[in-house]
Structure formats: C-alpha cells, structure tokens
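Chains A and B supply the protein sequences, listed in that same order.
Counting from 1, one number per residue, gives the positions in the first sequence under our numbering.
Counting from 102, one number per residue, gives the positions in the second sequence under our numbering.
Because the hints were derived from the structure by calculation, they are not lab data.
A couple of the hints might just be wrong.
[What the hints assert, rightly or not] Derived lysine-lysine pairs resembling BS3-like cross-links, with alpha carbons at most 27 Å apart:
1) A/Lys-16 to B/Lys-197
2) A/Lys-58 to B/Lys-197
3) B/Lys-197 to A/Lys-12
4) B/Lys-229 to A/Lys-16
5) B/Lys-229 to A/Lys-12
6) B/Lys-114 to B/Lys-237
7) B/Lys-229 to B/Lys-159
Only a predicted model underlies this, so the values are computations on that prediction, with no experimental measurement involved.
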Amino acid sequence: MFSVPAQYDPDKIEIKYLYEVAELEQAHVLEIGCGDGRLTWCYATSARRVSASDPASKRLAVARRECPLVLASSLTFVQARAEALPFPPETFDLAMMTWSF
Amino acid sequence: MVHALQQAWRVLKPGGSLVDLRPLAANSPIEVVTGQQSRLAGRIDDSRDRLDDRAADKAVSQILRNGWFVREREETFDYIAFWDTLEEMQIYIEEKRSSLVLPDSVVAEAQWLLLDSDETARLRIPFKMIIARYRKQG
Numbered sequence: 001m002f003s004v005p006a007q008y009d010p011d012k013i014e015i016k017y018l019y020e021v022a023e024l025e026q027a028h029v030l031e032i033g034c035g036d037g038r039l040t041w042c043y044a045t046s047a048r049r050v051s052a053s054d055p056a057s058k059r060l061a062v063a064r065r066e067c068p069l070v071l072a073s074s075l076t077f078v079q080a081r082a083e084a085l086p087f088p089p090e091t092f093d094l095a096m097m098t099w100s101f
Numbered sequence: 102m103v104h105a106l107q108q109a110w111r112v113l114k115p116g117g118s119l120v121d122l123r124p125l126a127a128n129s130p131i132e133v134v135t136g137q138q139s140r141l142a143g144r145i146d147d148s149r150d151r152l153d154d155r156a157a158d159k160a161v162s163q164i165l166r167n168g169w170f171v172r173e174r175e176e177t178f179d180y181i182a183f184w185d186t187l188e189e190m191q192i193y194i195e196e197k198r199s200s201l202v203l204p205d206s207v208v209a210e211a212q213w214l215l216l217d218s219d220e221t222a223r224l225r226i227p228f229k230m231i232i233a234r235y236r237k238q239g
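Bound-form chain A, shown alone:
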C-alpha cells in the first residue's frame, strides 16, 4: 500500500480557531489539560508566559521532553488536577481548557 504518515488537522483549522477565539497576544496563559503539549507548541510563542498543567505525570514527562528550546524561558509545566489548581487568585489573563472536559 502507498505509505503516507497519519495526518491530523492538515489545514490547521484547530489552531486557526484558537488564534481567532483566544486572546493570546502578550497574555499570561494557563492551559488546563495540556497533555503531551501538542497544542501548547502551536500557540505559546504568541503568549507572554504560559503555565501548562495536566494531572498525568507520563503525559507531562513527554511534554517536558519535547518542549521546543525557544519556549524554555516562558513555559512552565505543572502537575495538577483542574479541580485543585496550585496558583494564587487572579494570576492569569487567559485560562484554556483544551480537550480536558
């Protein structure tokens, strides 16, 4: 069989909508349910600072390992459940629940 790798959202529709709906520019962002960081890499360069949280240590380990160098100074990973976020009140400009409901 003709072999082509699997493709997910080849036209980047999800990212286009994310940029259109979320107010990312220069924002301090909390991503709730970042998983392996698939989506995080796509928007984090537009934000001022990002805290990406997920309850699963394995998925976070993948995200930490695959984090692009360019994001190292502005992106922090935190292991946390959405119901118990370890951040002070009124910290973020934008909170994003991504595939996490």
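Based on these hints, arrange chain B on the given structure of chain A.
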C-alpha cells in the same frame, strides 16, 4: 466539572477570559477517500462521549447562571484526521480517544472499501469540535 470551572474563575484576573476547546460527540463518519472521491464506511459510536458532553454543557450552564462568566463567542468546526491503514486508525482511537468505539461492521466495510480502492486511498474522520470564549465577571 463545575469545580474545575470555579478554579479557572479563581485564578483569572478580573476581566480575564476562559476558552473551552473540546471534541463533541457527533457520530462522525468514517470515510475512505481517493483524490476527490469519498465513500462512507459507517459512523463511529461515540455514545459514551455524549454523557460527557451533557455533563460539560450542564457545568457551563451552571457557571453562566451563577454569573461567574458570560459567553462571548462559540464556534464549531471539523478536526479532520487521515490514516493510511485501519491499524493506524485503531491505534489512534485506542491511545487518544479511548471512549470511542469502532463497530465491527464499520471496520469490515472500511477494510473492503480500502481493498476496492487504488493505492492512494486513505481513511478519514472529521471529528466535530467546539470552541467557546467566556469572560470572567465579578
């Protein structure tokens, strides 16, 4: 879920926004595509996700009723995935979307359609997605 939304409200600055991006259960079609042509193999069984959707919608309704947030925008779109083989598609669903079920009859039909197509044929599922933005109040 309401507790998670309450936490999001707590950590947001006054006037901050919450974005909710997630798949929606929509009995998405599983298609075999060759060039511009597509043939339907069947539909995915996402009945377990429907319960999650209902719970999420209920939680959102509650936070809107409570006055924690107001909804500013809501859109739906398709997140399209392509695979070269049935095995690749099954692995994706097992690893990333384990609540979904591929009925045996649909798998058999997809296999037959792949065999009946030329070597460029691929499997495609357009997953329905929702994205919404809410503004913190209070």
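27 Å Cα cutoff - pair B/Lys-229, B/Lys-159: holds, 19 Å
Need the status of pair B/Lys-114, B/Lys-237: alpha-carbon distance at most 27 Å? holds, 8 Å
Checking one constraint from the list: CA of B/Lys-197 to CA of A/Lys-12, max 27 Å. Satisfied? Cα-Cα ~18 Å, so holds.
Given the hinted pair B/Lys-229 and A/Lys-12, is their alpha-carbon gap at most 27 Å? holds, 14 Å
For A/Lys-16 and B/Lys-197, compute the direct alpha-carbon distance and say whether it is at most 27 Å. holds, 22 Å
Quickly compare the C-alpha distance for B/Lys-229 and A/Lys-16 to 27 Å and report which way the hint goes. holds, 15 Å
When you check the alpha-carbon spacing of A/Lys-58 and B/Lys-197, does it fall within 27 Å? Distance ~14 Å between A/Lys-58 and B/Lys-197 Cα, so the pair holds.
Violated hints for the displayed structure: none, as all numbered hints are satisfied.
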